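2 protein chains.
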Amino acid sequence: MPKTVLVVYAHPEPASLTRQFVRETIQIFGKQGHIVLQSDLYNMEWKAIFDESDFPCRINTDRLDFIQESGNTYATDQQSPDIATEQRKLLAADLVIFHFPLWWYGMPAILKGWIDRVYAHGFAYGYKGEGNRYRYGDGIFKGKRALLSVMVGGPEEDYAPRGINGPLDELLFPITHGTLFFPGFDVLTTHAVYGTGKIEISAAEEEFAVWRARLEHIFDEMPIPFRRQNSGDYQGGILADHICSGKSGLSIHIDNDSSM
Amino acid sequence: MPKTVLVVYAHPEPASLTRQFVRETIQIFGKQGHIVLQSDLYNMEWKAIFDESDFPCRINTDRLDFIQESGNTYATDQQSPDIATEQRKLLAADLVIFHFPLWWYGMPAILKGWIDRVYAHGFAYGYKGEGNRYRYGDGIFKGKRALLSVMVGGPEEDYAPRGINGPLDELLFPITHGTLFFPGFDVLTTHAVYGTGKIEISAAEEEFAVWRARLEHIFDEMPIPFRRQNSGDYQGGILADHICSGKSGLSIHIDNDSSM
Chain B
265 MPKTVLVVYA
275 HPEPASLTRQ
285 FVRETIQIFG
295 KQGHIVLQSD
305 LYNMEWKAIF
315 DESDFPCRIN
325 TDRLDFIQES
335 GNTYATDQQS
345 PDIATEQRKL
355 LAADLVIFHF
365 PLWWYGMPAI
375 LKGWIDRVYA
385 HGFAYGYKGE
395 GNRYRYGDGI
405 FKGKRALLSV
415 MVGGPEEDYA
425 PRGINGPLDE
435 LLFPITHGTL
445 FFPGFDVLTT
455 HAVYGTGKIE
465 ISAAEEEFAV
475 WRARLEHIFD
485 EMPIPFRRQN
495 SGDYQGGILA
505 DHICSGKSGL
515 SIHIDNDSSM
Chain U
265 MPKTVLVVYA
275 HPEPASLTRQ
285 FVRETIQIFG
295 KQGHIVLQSD
305 LYNMEWKAIF
315 DESDFPCRIN
325 TDRLDFIQES
335 GNTYATDQQS
345 PDIATEQRKL
355 LAADLVIFHF
365 PLWWYGMPAI
375 LKGWIDRVYA
385 HGFAYGYKGE
395 GNRYRYGDGI
405 FKGKRALLSV
415 MVGGPEEDYA
425 PRGINGPLDE
435 LLFPITHGTL
445 FFPGFDVLTT
455 HAVYGTGKIE
465 ISAAEEEFAV
475 WRARLEHIFD
485 EMPIPFRRQN
495 SGDYQGGILA
505 DHICSGKSGL
515 SIHIDNDSSM
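Going down the list, the protein sequences come from chains B and U.
Residues in the first sequence are numbered from 265 upward in steps of one, following this note's numbering.
Residues in the second sequence are numbered from 265 upward in steps of one, following this note's numbering.
Some clues are possibly wrong.
Just so you know, same-sequence chains aren't split out, so a pair can sit in one copy or run between any two.
What the hints assert, rightly or not - No more than 30 Å apart at the CA atoms, straight line, and that leaves these computed lysine-lysine pairs for BS3-like: (1) K462 - K406; (2) K462 - K392; (3) K311 - K295; (4) K392 - K353; (5) K353 - K311; (6) K406 - K311; (7) K511 - K295; (8) K267 - K295; (9) K392 - K267; (10) K392 - K511.
Simulated from the structure, these hints should not be mistaken for laboratory data.
Predicted model, so just to flag it, every value in this text is computed and none were measured.
The following block holds chain B by itself, in its conformation from the complex:
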């Protein structure tokens, strides 16, 4: 059965490695008969800055409260067309892939601004008007998959478990866990290519082949076993005492003992 794939990408240079990966993605899924939607943020001249112009009919014109105005604008269907279009694409997608270069250990601003603006209150958070009830495993994107495809300028060693930058998965945790798992996506392992500043053509070709091979089975992959808020692992906002007792940090929110 054909699936719908949304490809969100953030690089203005068509010859960049990021954009070459995007083309591979589009080609593979096209060949398989899937529907591919694209959000080419630079080409769309995506508005990155979340501001009062995103709320044409304010509840409170005296004091701008983003959460309140975002919730009202979403609920009353007054969102700017660019935001509403992206939300529709997300709702249509079975799989969302974000292709971007790692800039200062995070997303380019244009992509962060896509999250800031598209992730409306009532949509990606505060779902069903119930505060934090639906998050981390539940939420509007439940049943969909998402992953990051990241081009990393520096060497892999620097992002190793004991690498000087910190492990890539932990640096990206605010994105994978905080922006993808939070509204309910099943998050697949981040696909990273390192040393992209100086990559040779032959090495790039190998990386494309690895990516194509991965995409062939992407709908069968096991997601990262992030712990679900509503699984019983948490008591309030805290991981239950009996789980990873005495430990802290980001990795305790991944259930490495889960049966796969």
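For this one, chain B is given, so just place chain U on it according to the hints.
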């Protein structure tokens, strides 16, 4: 002796808690006779998106390579005036404070775009044309201090060492370690206020008092003891075997045994 303080902030609402903190900061340092520089990103209509228009005279017009063009534009003094101005402010500052609301576990896009654009190659990375030689403790900002003042909508519990979101310090590690310590800042402990979505006026007043008290002694605070790349703790890009043996993750890059 008077110091120079740069306050960079990212909230468009003058009545927001973020902006109230900014006013406290400006007032305290003004009273103490220090020089206060401001970067009010929303009011400046800061250009968040790093793109080809930032490189008026390209080395290579066929293919946009951000690092190459950033380095050349910086070295040949062709930067756009908004970028050059921010760099001059940074160079003038003894202390830089970033005031922003936490949006999706990171900076608002407008602030990320300030980092993306102001942190030119040859300036904040690739310093002195020597690749990664000067980073993490060395770099252009060596001898200066910086810290984040973050307004967090959710409850403190969710950001505790075992909180469901992950500990705030680890979520912000890509910023504190990756964008502040990297180019040489001494990074002070992040100042967080939680539950800002529903904060009462009296609670806010208490928070302002805590912040004012902290600022009184901010130049005497001990910075976060992030490990310096060139201290001998690293072998290449990897933490030496004898340090935090068998451990991995972000926290191993903090030397909690350092004499304070």
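Quiz item: Under a CA distance limit of 30 Å, which applies to K511 and K295: within one copy, between copies, both, or neither?
Solution: neither (46 Å within a copy, 44 Å between copies)
Quiz item: How do K462 and K392 come out at 30 Å by Cα distance, when the copy is not named: within, between, both, or neither?
Solution: Answer is between: at 19 Å across copies they meet the 30 Å cutoff, but 47 Å inside does not.
Quiz item: Is it within, between, both or neither when you check K406 against K311 at 30 Å Cα-Cα?
Solution: Close inside one copy (27 Å), not across copies (35 Å); limit 30 Å.
Quiz item: How would you label the pair K392, K267 (within, between, both, or neither) given a Cα cut-off of 30 Å?
Solution: within (26 Å within a copy, 50 Å between copies)
Exercise. Please work out whether the CA atoms of K392 and K511 approach to 30 Å or closer within one copy, between two copies, in both situations, or in neither?
Key: Close neither inside one copy (33 Å) nor across copies (41 Å); limit 30 Å.
Practice problem: Could you place K267 and K295 in one of the four classes (within, between, both, neither) given a Cα distance threshold of 30 Å? | Solution: within (12 Å within a copy, 62 Å between copies)
Exercise. Pop the pair K311 and K295 into one bin, within, between, both or neither, using alpha-carbon distances up to 30 Å.
Key: Answer is neither; intra-copy 32 Å and inter-copy 39 Å both fail.
Quiz prompt | 30 Å Cα threshold - placement of K353 relative to K392 | solution = Only inside one copy: K392 and K353 sit 20 Å apart there, 45 Å across copies, limit 30 Å.
Quiz item: From the Cα coordinates, with 30 Å as the cut-off, is the pair K353 and K311 best called within, between, both, or neither?
Solution: both (17 Å within a copy, 27 Å between copies)
Quiz item: Should K462 paired with K406 be assigned to within, between, both, or neither, using CA atoms and 30 Å as the limit?
Solution: between (39 Å within a copy, 28 Å between copies)
Checked against the numbered hints above, the structure breaks hints 3, 7, 10 and satisfies the rest.
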